[in-house]
Structure formats: C-alpha cells, structure tokens
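Visitor: Listed here are the chains, written in short residue letters.
There are 4 protein chains.
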Amino acid sequence: MSRLVSRRHLAAAAALRRSPAAFASRWLHTPAFATVSPEEISGSSPAEVQNFVQGKWIKSANWNWIVDPLNGEKFIKVAEVQGSEIKPFVESLSKCPKHGLHNPLRAPERYLMYGDISTKAAHMLGQPEVLDFFAKLVQRVSPKSYQQALLEVQVSQKFLENFCGDQVRFLARSFAVPGNHVGQMSNGYRWPFGPVAIITPFNFPLEIPLLQLMGALYMGNKPVLKVDSKVSIVMEQMIRLLHECGLPAEDVDFINSDGITMNKLLLEANPKMTLFTGSSRVAEKLAADLQGRIKLEDAGFDWKILGPDVQEVDYISWVCDQDAYACSGQKCSAQSMLFMHKNWSSSGLLEKMKKLSERRKLEDLTIGPVLTVTTATMIEHMNNLLKIPGSKVLFGGEPLENHSIPEIYGAFKPTAVFVPLVEILKNGNFELVTKEIFGQEVLGRSVNGTTYAGIRARTTGAPQNHWFGPAGDPRGAGIGTPEAIKLVWSCHREIIYDIGPLPKKWALPAAT
Amino acid sequence: MSRLVSRRHLAAAAALRRSPAAFASRWLHTPAFATVSPEEISGSSPAEVQNFVQGKWIKSANWNWIVDPLNGEKFIKVAEVQGSEIKPFVESLSKCPKHGLHNPLRAPERYLMYGDISTKAAHMLGQPEVLDFFAKLVQRVSPKSYQQALLEVQVSQKFLENFCGDQVRFLARSFAVPGNHVGQMSNGYRWPFGPVAIITPFNFPLEIPLLQLMGALYMGNKPVLKVDSKVSIVMEQMIRLLHECGLPAEDVDFINSDGITMNKLLLEANPKMTLFTGSSRVAEKLAADLQGRIKLEDAGFDWKILGPDVQEVDYISWVCDQDAYACSGQKCSAQSMLFMHKNWSSSGLLEKMKKLSERRKLEDLTIGPVLTVTTATMIEHMNNLLKIPGSKVLFGGEPLENHSIPEIYGAFKPTAVFVPLVEILKNGNFELVTKEIFGQEVLGRSVNGTTYAGIRARTTGAPQNHWFGPAGDPRGAGIGTPEAIKLVWSCHREIIYDIGPLPKKWALPAAT
Amino acid sequence: MSRLVSRRHLAAAAALRRSPAAFASRWLHTPAFATVSPEEISGSSPAEVQNFVQGKWIKSANWNWIVDPLNGEKFIKVAEVQGSEIKPFVESLSKCPKHGLHNPLRAPERYLMYGDISTKAAHMLGQPEVLDFFAKLVQRVSPKSYQQALLEVQVSQKFLENFCGDQVRFLARSFAVPGNHVGQMSNGYRWPFGPVAIITPFNFPLEIPLLQLMGALYMGNKPVLKVDSKVSIVMEQMIRLLHECGLPAEDVDFINSDGITMNKLLLEANPKMTLFTGSSRVAEKLAADLQGRIKLEDAGFDWKILGPDVQEVDYISWVCDQDAYACSGQKCSAQSMLFMHKNWSSSGLLEKMKKLSERRKLEDLTIGPVLTVTTATMIEHMNNLLKIPGSKVLFGGEPLENHSIPEIYGAFKPTAVFVPLVEILKNGNFELVTKEIFGQEVLGRSVNGTTYAGIRARTTGAPQNHWFGPAGDPRGAGIGTPEAIKLVWSCHREIIYDIGPLPKKWALPAAT
Amino acid sequence: MSRLVSRRHLAAAAALRRSPAAFASRWLHTPAFATVSPEEISGSSPAEVQNFVQGKWIKSANWNWIVDPLNGEKFIKVAEVQGSEIKPFVESLSKCPKHGLHNPLRAPERYLMYGDISTKAAHMLGQPEVLDFFAKLVQRVSPKSYQQALLEVQVSQKFLENFCGDQVRFLARSFAVPGNHVGQMSNGYRWPFGPVAIITPFNFPLEIPLLQLMGALYMGNKPVLKVDSKVSIVMEQMIRLLHECGLPAEDVDFINSDGITMNKLLLEANPKMTLFTGSSRVAEKLAADLQGRIKLEDAGFDWKILGPDVQEVDYISWVCDQDAYACSGQKCSAQSMLFMHKNWSSSGLLEKMKKLSERRKLEDLTIGPVLTVTTATMIEHMNNLLKIPGSKVLFGGEPLENHSIPEIYGAFKPTAVFVPLVEILKNGNFELVTKEIFGQEVLGRSVNGTTYAGIRARTTGAPQNHWFGPAGDPRGAGIGTPEAIKLVWSCHREIIYDIGPLPKKWALPAAT
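Residue numbers (UniProt numbering), protein chains in the order written: chain A, 1 to 512; chain B, 1 to 512; chain C, 1 to 512; chain D, 1 to 512.
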C-alpha cells in the first residue's frame, strides 16, 4: 500500500520541511474554529475528540482509540463517556422544558437567531478552505473519494442555505380555521418535543448528524447528539464551527460513548423523542426500549429495476456502477440488488459495468475499506450466494490487494453476483417481481422510501432538497427538507381560542 | 331505581301490547340495517354482538356477557374471539399489501368510492330515527344523558359529511418540487400503511372508533377494529350501516376479544400501524410490544385555569360543571382539576358549581355509573386527598342512592375536593403554577394537547372540525380533522421522477 | 323534424289525456321547489323567468321572449330588468359591507350555515327526479344530449357534496408565522371582497353559474348573478332550490337584463369584483370599464396534439369525436383544432372520426343548434378555410336537414376541415409546432389553461375536482376546486397581532 | 442649513485633499460593482444613470436632471428613454415566451441559479460597506434618517437571504390530486406570466423595486423595471450588484422614462402583467389602459385607533411619532389619521407626541423634504382642515426654517391637526367609528390591507417576513413573502396527466 503510506510519509516530510513555519501553515490550511488538521492526523500525531455538555467541552475518564481505516494506526482518541459519567448529560437535558427552547408562542426571536446561525454557517462552510477541510476530514474516517466526500459537505452547506433569513420561522407556520361563533378559532401549531436525542452512524459523518441536529434545533428542541465514535471527530469540529456562528452553548450537547452507555442515558434522561439512524436491529431494540418515542431512518435494502425497454446503456451502466460502488457501497441508499429484464442480457450492460468497476482503485478511494463488515464475512456471504443453482460471480469477488487496511475492516473488490430470479423467488418473498409489472405499476404497488423513477433514476440521490427516508412505517423519519423537519422534529398542537364575547342573553341551559 | 326498572317494564309491556304487530313496530323504530332495538335489549331479551372477518359475520366459541350498567342484568352477549380462533383475522390482514388497498398511484377510484360511502352514511346517519337509534344505543352501554349521547352521534355524522364527494381524494393531495434538470421532479405523497389495527375504549362507543376507522380507510389502509366489548354493540351496528352504504366487505374486519387475545393477534398479524385510544398504562405496554409501530391517544389529565380577572361567573360555573360532570366525568377531556386564582374565592363560583352539580340526577343520566372505577375505589381516593392539610369536600363526596348500578361499576355523586395549591406544590410537580403566569404565557409554556383558551374556553370540546389529541409525544395521535387523518393514517413517501432526456453530449465521468 | 315535433305533440297530447289529473302528474314529475315543468314548456304554455332582489321575486316592465332552439317557438318569457329599474339591485349590493357577509373574524357561523346549505342542496339535487328535472331543463334551452345535460347536473351535484359539513369553513383556513418577539404573530387570511357580480354564458346554464355563485357565497361575498337570458331559466329554478335548502333571501340577487343594462348596473353598484365567463371581446371591454376589478374565464381556443406514436386509434377517434362535437362543439373546452403527426395519416383515424361523426343526429341532440353562430356564418368561415391551398373538407361541411331550428341559430353537420400545417405556419403564429417537440416538452413551453396530457387526454374534462380555467393571465379565473374558490373569491389580508408585553425596561429611542 | 452645506463642503474639501489618491479612496469606500460614490455626488460632480436593455447599458438622446432635494443643485442626470427610443425594450420583452424563462417543467436549473444569485447578493449586500453604500445613496435621493435608510437596505438584504439555496424552487411547489382512474392525476402548478413590467415610486428606492423584481424573476418572468427617475440611481446600482452575483444579462431590462413613454412601452410591448406601486390615480388609469392585466400596491390612507384602555402612554406616543413622521411621513404605511378614544385626552399623549415631534431635525434627516407635495400645498390643506369647527393645530403647522430645500419640494414641520370626530362624521363616510366597536370587532369589520393589532401595533412595519399590501381588491398586490411572490408573480395552471392504460375491454360508447 505504498501510495497511502507515502501520502502519510510525504505529509510528514512536508511538515518537517515547513517547520518552523508550521504554525503559519496551519493558519493557511485550517479554519479558525478547527482544532485538528485533516492531513496531519496520524499515529504519531493523533487527534482528540471531546464531549460538550452544559456549555463546556469536557473529556472523560477513558479514551477510545480509533484506527486509521487505511493503515490500522491508532490515529484518533475519543473521550468516551462512561456509564458513571452521564449525570451532566442527564441534567442538561432535563433543563429543557417539555415546551422546548422556543415554540410559536414563546421566544420567537430564537427562530430568527437560527436563521442567522444558518446564514453564517452556510457562508463559513461554503468557503473553499472549509469545504476542503471537512471533505478531507470525512475522507480520513469514512474513506470515500474526494468527490464523494466533497459532495457530502456541499449538500450540508446547501441545507444550511435553505434556512437563512426568515426560513426557520417559516417552518413554524401554523394554520387556523374559523370556529363556531365569533371569537372562536382553532389553531394548529407545530410544537417542539423539548429534550431530544440524535444517534447517527458512520457512513455520512457530517450530513446525517448536521441535518438532523439543525432540524431539531430549528423547531425548538434541545438535542443531545451521539455520532458513531469512529467518525465523531467530524461533528465535533462542526459544532465548534456552529458555536462560532452563534449557536448558544446551552442548546446542544455532544456525547461520545458506547451503545450501552447511550442506552442508559436515554433511559435516565428520558428524551421526549429520539432520532436513530442506523441498523434495523438496533433500531427495533431502541424502539422497544423507548416505548416507541423514536423515529427511525434505518438501513435500506435498495434495488433497481430495469424494465423491458433497453436504451442508454452507457449511461445506465455508469449509474449502476456509481449507485453500487461509490463510497464502497456504504451509502444508506447503495444499490444492493439489480433486477434486469432479460432484454438487457445482450445489451452489453454487464460488461460495461464490469469495466467501470475495474476503474475503481484504492489510491483515490473510489474503492476503500468497509467499516462494518470484514473481508471474511463478505467472502462467506458471496459463497453462500454461489450455492444457489445458476448463480455466478460477474466480476470482483476477490479481496483487495496491496493494502494496509486493518483486518477489523473489510477490503474487497467491487463485486457483482448473478442470481437467477427464479431461484430468488423460490423463497417466496418477492412475489412482486413474478409478474411482469415493470414501469409505473411498480410505484403504485410498493412502499419503498425515497424512490427514483425514470431513465435517469438512481438509488443514491440524497440531497437537501427532497425528503430522504423510509416509507410505510409510522416511526419512519425523513431528513433534509422543510417537510421532513416539520414532521420529524415537531408535533401537532391544537389551541382553540375562544375569547368571547358570550352570546347576548345567554341563559343557563339544563344539565346534560 | 324505580324509573329505570319501569322503563324496562314499560317497554316490555308495550312490546306485549303491540304484539303480534311487533314486526311492524320494529320497522317504525329501528333502521333497516339494524339487528337490535336499543329500547328492547334486556336481560330477558338480550342482544348479540358478532365479529366480522373476511367478508362474513361470524360468532365464536365463547359468549362474553355484558351487564346493564344501570341494573346489573346480563343484557348483551358478545362473541369474543379466543386465542385459538384468530387465524381468519391474521389471514385477512395479511391479504392487504403493504402499499394498501389504494394509494395516490393505485386504484384512485377507491378514493371516490369512499367519498360516496361517506355521503350515503352521512345522510343515513342524519335521519332522525337513525340519530335516535344510535343515541339510545350509546346510552344503554355508556350511560350519559340523551343530549350527550346525541351529540356524540351528531359529531360522527358531521365528520362523515366532511368527507363527501371528492374530499377523500383531496386528503391524498401530494406536492412536487422542481428538480435539478428537465425531467426531474420530486413528489411527496401521503402513503397508506396497509394492514392496520384500531383499538378503542368504552367512553365514546361510536365517535372514536368510527372517526379513526374512516380515517384509516380513506387513506388506503385495511383496519381490524376492536372496541371495548362493553360497548362494541354500537360499532357492530354501525358497520352494518356502512355495509349498506357501500363499504366493501373485505375492507374492514371487526373483532371482539379480550386484551390478551388482541395482543396475540397484533403480534401474529403484525399490522404496520396500530391506533390505540385508552389508558396510558396499556398504551405504554403496547408501544413496547409493537416496537413503536403505534399511535396513541391516551387518557388526558385535564385541567382548567381561572386567572385573576373575575367575570361571567354564571357562565363559567356552568362550563365547569359540564366539563367536570357531563358523561359522569368519563370523557377523555373531562376536567380533572381546576386551578383558581384567589380572586375567585369570593365570587360565588364554588357555590354556583355546587348548585349546578346538584341538578344532576340518575333519572336522566346527567349523572350515571362509572364503568372503570368502583365506588369503593373512588371513596378511597377521596379519603387520601382529604388527608392533605387544608383539603375538604366542597360538595358531593357520597355514593349515589336508590340505584341498581352493579357493584363492578362506580356510583358516586358529582364531587369536588378542595386542595390548597401550596400543598400540591410540596410534591414539586407543578412548578408552572407557582409563578403568577396566567394568561397567554401559559400557552407558550405548556405542551397540553387540544387546549382551549379564553373566556369561553372549556376542556370537553371534541368535535369533528378541530384536531383532538395529545401533544408533545412523537406517538401522539389526533382524531377528526383532515390534518389528523393525514398525519395518523398515512406516511410520507417521496418519489423522484427523473424521466430525462439525458443531457445532450453526455460523456462518461471519472469514477467517484 | 318529425321526432321533435312529435315529442312536443305527444307531450301536449299526454297533457290532455292526463287532465284533470295534471296536477297530480306535476307532482310526480316536478320537484316541489320548481315553478316550471321542462317537458311542458312550449309556445302555447310558455314559462316565465323572474328576477330576485332584496329578498323578493320580482318582474319587470318588459318581457324578453326566448325562442325554442329546436323549433323557433316563443316558449320562455324573461322579465328583463331595464336600465331604469336597476335601483333595487344597486341598493341591495350596497348593503353588503366591504368586509363581506362573513369573514374569518366575523359571523363564522355562516360558514357552517353554507356547509348545511350545500349538504341539503347536494342531497336534493342528487334525487333522481331532480337530476332529471335539471337535465331536461338544460336540454330545452341549451340543446345537448341527455347524457351531456345530465353530466352537467351531476358535476354540479358533486361540487355541492364537496362543501358539506365543515368544508366551507376549511376554505377559510388561514396561516400564521411567528413574529419578531413574544406576542407578535403575522396572520394571512382569505378575505371576501364584499359585493360582487357574476356574469355567465349560455353553454352551461347550471354548472358555471352555480359553481361560481356558491364559491362567491362560501367566501363571504354577496353576489348579483346574471345568466344569459336564453338559458337563465335554469338558474332561476336552482335559486328556488337553494332557498328551500336554507339560502338566506338577502344573500343573492338574480337579474335578467341585456348587456347594456348590466354594464350600467356594474358602473353604478360598483361591485368590488366581477366574475365574467364568456367571450373574449366582452371580457376585454369589461376589464377596461371595471378598471381591472374582474376575473375572467374566457372562451378557449382548444387544440389537441397527436404525437408520432400511433396507438389506440379506436379510443382516440372516439375522444376526438366527443371533444369536438359533443354539445355541438359549444363547450368552452371543445376541441377547435387537431394537430396530427404525419404518422397518423395512414392509421385510419380520420375515417373513424368521420364514421363517429355520422352517428350524431338531431333526434337525440348528439348534434343540435349552435346558439351563437348562424349557419350562414359557419359556411362562410368554412369557405374561407377552403381557400387555403391543400385544404379540404374531411366530412360534414353541410347544413343539417329536416329540422326546424330557427334561422337565428346555426344548424350544421359535424364538420372537419383539413388544413396543411405548412400553410398555417405561413401566418407565423404557431412557431411552437414547427419543431418536432411533441410530448412533455409541449407542457413546459405552453401556457394553456387546463391541459390534459397522455394517451387518455381529452380537451373537455370540466369536472368539479380539478381547476378549470385559463392560465397566463393575471385576471384568469378558475372554477370548481377549493383552490379556485379561494383564489377567485377572496383576497389575502394580513393582520399582525402584536399584543405585547412591551420589552421590560423599554426606554425611549432616538427619533429616526 | 449650515450642516448640510458643510457636509457637501467638507466632502469636496476631503476629495481635494485626498487627490491624487482619490482612486484608492474610492476603493476603500465604494463597492467594486458601484459606479458612483454616494457622498461625492454633487452639482459639480454629478452622477449618471443609464438604462439596461438586451444585455447592455445604454444611454439615450436626452438627460433628465434631478435636483438634490436638500439644496436644489442638479446632481444626477438620468438617461431618460424617449418615445422614439423604446424599440429595443419592446423587442427585448417580446423575446420572452409566454411560458416564461423557466417554469416547473422547463429549465428548472434556473430556480437553482436564482437561489445562488440570492445567496451571493444577500452576502454582498450584507457587507458593512455595501449596506452603508446603499443607505447613503438612498438618503441622497429620498431623504430620511440614516437609521431609516439603513433599515430599508437591511430589509432588502434579509429578503434575499430568504431565497437562498433551494428556496426559490420551493416557491414553485405544485400539488396534485388523484384522478378518476389509474394513470390520471391533476396537477396545480404556479406558472409565470412571461414578459412583465414593474413600475415603482420614489419613497423606497431600493426595497420596493428589488423585492418585486426578484419575485418576478424567481417565478420565471422577464421584467422590465421602471423606477421613479428621482431615485432610480439606487436600483441602477443594485442591478450592477446583481449582475456581479450572476444575474443573466438577458433576464432584466431597466428603463428610465417619463410616464407617457412608459405608457407607450406598455401598450406596444404588451406585458402579460404589470406591477404598479404608486398613486391611486395613476393606478386606476393604468388598470383601464391595460384592461386589468395589472396588480396594484397603491397609496394607503393609514389610520390608527386607540381604544378606551389607556396604557403605556410613553411607548404609544413614540410609536405614533415614528409612524407619522419617520421618512417625513412618506412611507406607504405612514399614519395619516389617529382615532383616539376620549379616555386618552387627559393621558398626556398629545403633549408627549408634541415633544417627540420637536426632537426631529433636518440635520439628521429625522425630518426632511417631501418629494411629492410643495410647502404651499401643505399649508393650503391645513388651512382647509382648520375651517372645520373645533379643529386646531396641535403642533407643527409651519414651514421648516433655515434650509435650502428647493421650492418644488415640500419643507414642513411635523404637524398634527385635531379634528372633532363628530365633524368628520358629518361627511357620513366613517360610520364604523360612530359605534363604540373598538378592539377585535374592528378587524372583522374592515378590509384594510396589512393591519397591526395590539398594544405594540404600528402602521409602518414593512419587513420581508410578512405580506405587505392592500386587501379587498382583486388587483391588490402583496410584497415580500413567499405567499406574496406566488400570488403576484405567477398564476395557476392545471395539467391533468392521464397516461393510461385504457380500461381493459374498452368498447366504443354511444355518442353523447
């Protein structure tokens, strides 16, 4: 894995060369709010991630070491809060009343404040050096190509732009309907939950936690945020940026911990709502533990259907390659399965996909480590699939070579396994595809979350301008849009003003 | 309890007199769809309640006898489905696909069908004899004054009127936002959950189950409905009315069972959503069992605040009396506590309330049996309150006399116990009221569900034109309005159409 | 024209036969509110149409005779108000304040009243005998097939269903946005205009005036309604129905007059808004006279495009025939021009259309008199078209035969004239069609009002569930939907409540 | 008027002193896009205002000289387009198709482009030196205090913030309702008008034209903008800023002309919509000329009511002073009349208002020239009022002294004239105030446009977050909010997709 070693190496060499001007250099490359430099974090110069609670950055009794996914070096130490240390977090959450930090009838100036914070943060994040800072920081902990990492930061930046000026208060738009008599009117408000929790995964270290965090804040909630420790350094830095843009120190707590401690915190602090993004297994457990006071954006199993009309093969093979292998297939929306009408078999699609997959290389992280599954597990899964009659490896199917990815992570080439549909259907679970109902019918007969349809369809569009999230589940959470923020981070409250006057000549009626 | 006995008696006598013309008489008093006559149900002529599943009315291996709350006679037998008999219900639910019976892209003609069903049902229910039929039937099982029972039926009728014509399809209104390039547009739909369950309590035998049932159906779900067996006869009759108005037999199942069996059914049939209206204790258990796939409209603890401005004492004493004692205080919204500024102490308010409470009598059911708490329990609770220093009985505080209400139910006079606020506050739970923040401030600093504010405010407004339900809980369910139906009975689904064309001169980009 | 003569004849004969039982017969066939019997109006038994103002039906100094479009007999006399008689109408309008008869803050119980009126009127109009009554009455004055006339009544009935119950008050839903400080909130209301006028044409004697009238009333306006005298008998009867359903006598005035008198009325009474449906020529004059206080739904010039994909020829020829010739082409949405891709020339489409057009016959009014253009004018227009090189008559092109349609009306067979596109384009006005941009592109590059797209597209869908009206004009009015009612019949009013409290420690700032 | 003379004088002296470094100085004080320096414009160094059409800045055959409202010097020359020179403007407008430059189905990337332009412009305008530049430029042509001028710029800046990111495309949100059968769905879009015109007055040289201009552009229109020549220099500079932020040169034309020429342009270019802000007289004429294709935000006659509860006299006298005299009373929303309940007469309110008015001085422009009425006219008007029995001057009532305001403008002290209500009412026009219906009733019985109610109410709130504009007129235009932009700058277009499939077994029906 010479390139990556040498990247580190060269960086170190460069650091030496530029010393004693290193400080100045830091100032050139690192934004003022930042406490780390993405390119300089290494085993010999590890970064520290802290917690934030009750307005202060704090450490903990324990450090949890994170290893560099590209070379296995311990390169980040995270101050993980222990079960015995959660009291300040519980106290902090409990300071937030049930009616929130603001709501349409209380402290409305805070809506404006969040408009201002968003304006400033959007502008700061939009500076080339800040975009670059976060893109590179994302790359260090959640390896993906620079383009993919940059896109994640840009989407986050656009999201902040969407809530400049008065747009936060516009989220709190209410409605009213005339009542039964003069002086009566019923009002439907969007009300905050008050103290809330946010738990987010490793694959989008910035976008997922930032968008949910801001959504929660906009609507008047006080969140405690926990990001997967492997990548929490990114949001730790982002919170510093937000503080610099005016985020009040009391409004957000930030905690690093293991799952057991977080579970304990949730049960003790009893947030009115918890947003969980992550695996379905944990989601279901949490849903039961929290008795349903939860919204979930769980892992998708994402599929694509190519109908009988063969067209635009070059374009579609490219979209398939990107949807399946960008970010090493670790997007929530990564294409897991491709249903292909037989007409496509002679179209050259699979050959083109093979070629495209072979362009991917570790050097530029167009393929990289898988943070949740080991190589061995992936091989085992593939071998199980290959036991199905008629199945075969189309391409890939082998571990990556010449790398220093640590064994706890996966390192596998972009791989496609062909399985005949008839065999899948023996399991009886996919009755939908048995009938030839491609096209529009599929939309009316499915409940998939965010769905793309049409010749330019893809599975991995997760921008800030359309709802992204599951469907068909009352606990399902969306991310990103005004609609998502309102539905996830607030509830309906009805107030009927009935201010009179009393009817003239009101007389006491009989009891009923 | 001579009056009630003689009511029975007279009815029986009348029945004898009019025999053999009884059949004709039934036709005069009982709507065509009905299988019971509210005034004739009695220990000697008991009514039967059946279940409906897979398009057929069915009985069960067991009858559960319901006793007349006014005289303890076994007067209704309910075919309660046993744990061993739930298979047809499980199968029936499983026939409904996850994408529902209809959705904005599938079977839209069903939205129109439900507009027609609502039109017909609204008209049928609006006929004086049908209003009367249901009001009297409600009275028999959930004793309240004729006025209160009639109001429940009228609200249900108005609700149906609200969804005549195209109004059901208007509930499925979606929105769309322009995409990034020609041919792309993102669409936000309201999507059904598919198979769902509805569990409702005894206090509003018609309004709660009917409104939730129709809401579920409008949005494309297939519900199984369970109403508290004590009162399920009312909805059993209503489903017959709905069938007559065109409700397809496959669209709704109706089950009578105990809680254990229903729990089993939920776990086996695994409805995508369950609406539960009832006690908080059961609600929390269900929420955990169903891992949060639930929405709740749980029992409220409802309070009223009288601020420092004393005015309109006659009117307010009447509202307090109605809010506290109508339906024997068994409305979800019944006034449980009244906070009164000291200025009111010399206003005569309490004296007026006492007088009003004394107008209530068993004869016209302006006071009646309490179906969930025994007399002994109420006395015990009162005695506990009276141990608080300074507390005292203002009025009531004694069991009803001269009645034949069975012992399993409560029979207690309208009662008010005074407790000094300072003592309540020793428990530390009501910090809100310590400060003199009466008026508008209270609204901004609370999360109560449906809230009335102003001189004409009450706690027990539960009509069809404004949201009724809790706030502050992500699982909270509303009832009644278009907003409530959309938020409770459907979820957001995002479909992005990206139909092209491809950009002219599209060329293969580098991998990312 | 034997059939029609004999229809009259038979009716007369029947009338004789059933006398003296005529009264009983009237009761069988005519609804209680009605003052005419559609089948019995004739030259010998003419009907009378009156005016309604200030709560009373009134006549006028002059009768205007309407001739039967099928045989030229004077069969209806209309009490047309003269210029000298408009004073009561001016006074009546002026009694309505600028803030309307109701608005979200005033007399909200009137929203409920209109929900009730709509419920009752929907039910009454939905009775088979009432549907039949209005369908036949429409046929007598605006000849079209029974099916077409019935459809007009049914759409009107569905419209009324849409505004049952609380749906009228839901139209007055307002919104509010949090202000800059506690106590401030800005509210956007839909406010009525107050006194308004409605002027509607001959082609939909019931649907257009009824839908606009009710929309105006729902939002709190007081309308004076003028329908083309040729057909005003239909709305005269409908207003009687509405009165019976609870419409307050003071809420609507109904006037018959010529255009000059109506113009005078508008200038004197100065309604805050006038809705005009009719010819573009009159619309533009009125717009200037009323200085733009007008909304217009003017005559469309409606076209259909058949793109290069030839399919479903039978279906499409049927749609083309219906769109072009139903109601003798007198719908606002009638297909005036058909653009056909050359691929269709050998599809048999034109031959099929010819055959379908030949099914039409005067006997069942699938073709009938044209009320605004004489036969001679149509022939002249056709001859002008035929001067264009390459143009030809495809079918029709001749006057109807064997009829007694009076000369002031047109009587012409269903006709299609083919004109080569290249010739049309010489005029330079249709640059759009020069390029081969069929399909979706057309939608993005046009401003047509209500537009149907897709294989099942038609031009003449004018139901109650989607907006019908022009686009691209700030004066453009829609009809039918909640959206249309809100935009046409109300305006935005913003009220900012700023109820304090004042900031603590407010101190006098410097002047600015 | 020594201070102002010396301001000029000092500026000139400074300019001399800093020469030859003037260029560098310009760079310090003047933004890069600017072609003028607000502090340096003078009779000896006059500024030039050009026109912009078809992508180019152009002059004209004629200069119109604007005099400095503070000293009468000719200090700005405006290239006013003559009647013979309008051809390029007509041609430019005609290049914009009726379907606009973009719409929800065409060129959606332009919505994003306008989000970007707004983001950049909001940021640029938010820079302290740019805020200062525009505030001072506004002061030079529309004299008001620095605070007031700055506020105008800040509101404009906030408005731009509101449409960052995706917020422009969110304006184009459409809705859809399920149709009658599979494949049918009706869609309501907001569609542009295409070529449009905007005409705005002198009093808010930046805010009014900028907000309307951007609203028009956001929705897809191509506007030609005409601002009162006296102040058009401000928007001329703003358009340069917008170009620098990415505004395409073809999207906006900017014209200076007299009213006659503009009228000619409107008639020849025939814009689909014209937004006019200005005097009611011109508005009505334009409305007739343009046959109602117009929306109006005309001069308000704004009043304030003080009800019987006397409170917060200091605060209210300050609000009254600001509402009446800030910007020398030239805001559209300036308080023209104050209705005062008699309870206030002994409150000291009028005395306090007098004192506050006397704080105003020409030096800081807290009082300044009136650009539309001469001093003589104001005196005449006052004298007419004083003929009313019982009326008297409360304060003011005299011309300003020691000033060099030119005679064509007005120079008058802040003035209040008391008129007994009983005398006003003799005219019979104010029946509302005869009854003692103060408070909430007033809102339900009025049609005033933007209305403030409550103890903190004012007349002159014209921010970017709530609708500002008249009510009660179908031509009424709002400014500022998303709601206003959508209703003013777009129209409803309905497209019904009916894409099939055909019903199975479709068979040819009979003709109807």
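Note that these hints are calculated values from the structure, not bench results. Among these hints, one or two may not hold up.
It does not matter which identical chain is meant; a pair holds if it fits inside one copy or across any two.
[Unchecked claim] Straight-line distance between alpha carbons at most 30 Å, and here's what the computed DSS-like set of lysine-lysine pairs gives:
hint, residue 1, residue 2
1, Lys304, Lys392
2, Lys352, Lys505
3, Lys264, Lys387
4, Lys77, Lys59
Visitor: Is it within, between, both or neither when you check Lys264 against Lys387 at 30 Å Cα-Cα?
Guide: Result: close neither inside a copy nor across copies, 43 Å intra and 38 Å inter.
Visitor: For Lys77 vs Lys59, is the C-alpha pair at or below 30 Å within one copy, between two copies, both, or neither?
Guide: Within one copy only: 11 Å inside, 66 Å across.
Visitor: With 30 Å as the alpha-carbon cut-off, assign the pair Lys352 and Lys505 to within, between, both or neither.
Guide: between (84 Å within a copy, 19 Å between copies)
Visitor: Is the C-alpha distance from Lys304 to Lys392 at most 30 Å within one copy, between copies, in both cases, or in neither?
Guide: Within one copy only: 19 Å inside a chain, 52 Å across chains, cut-off 30 Å.
Of the numbered hints listed earlier, the single one contradicted by the structure is hint 3.
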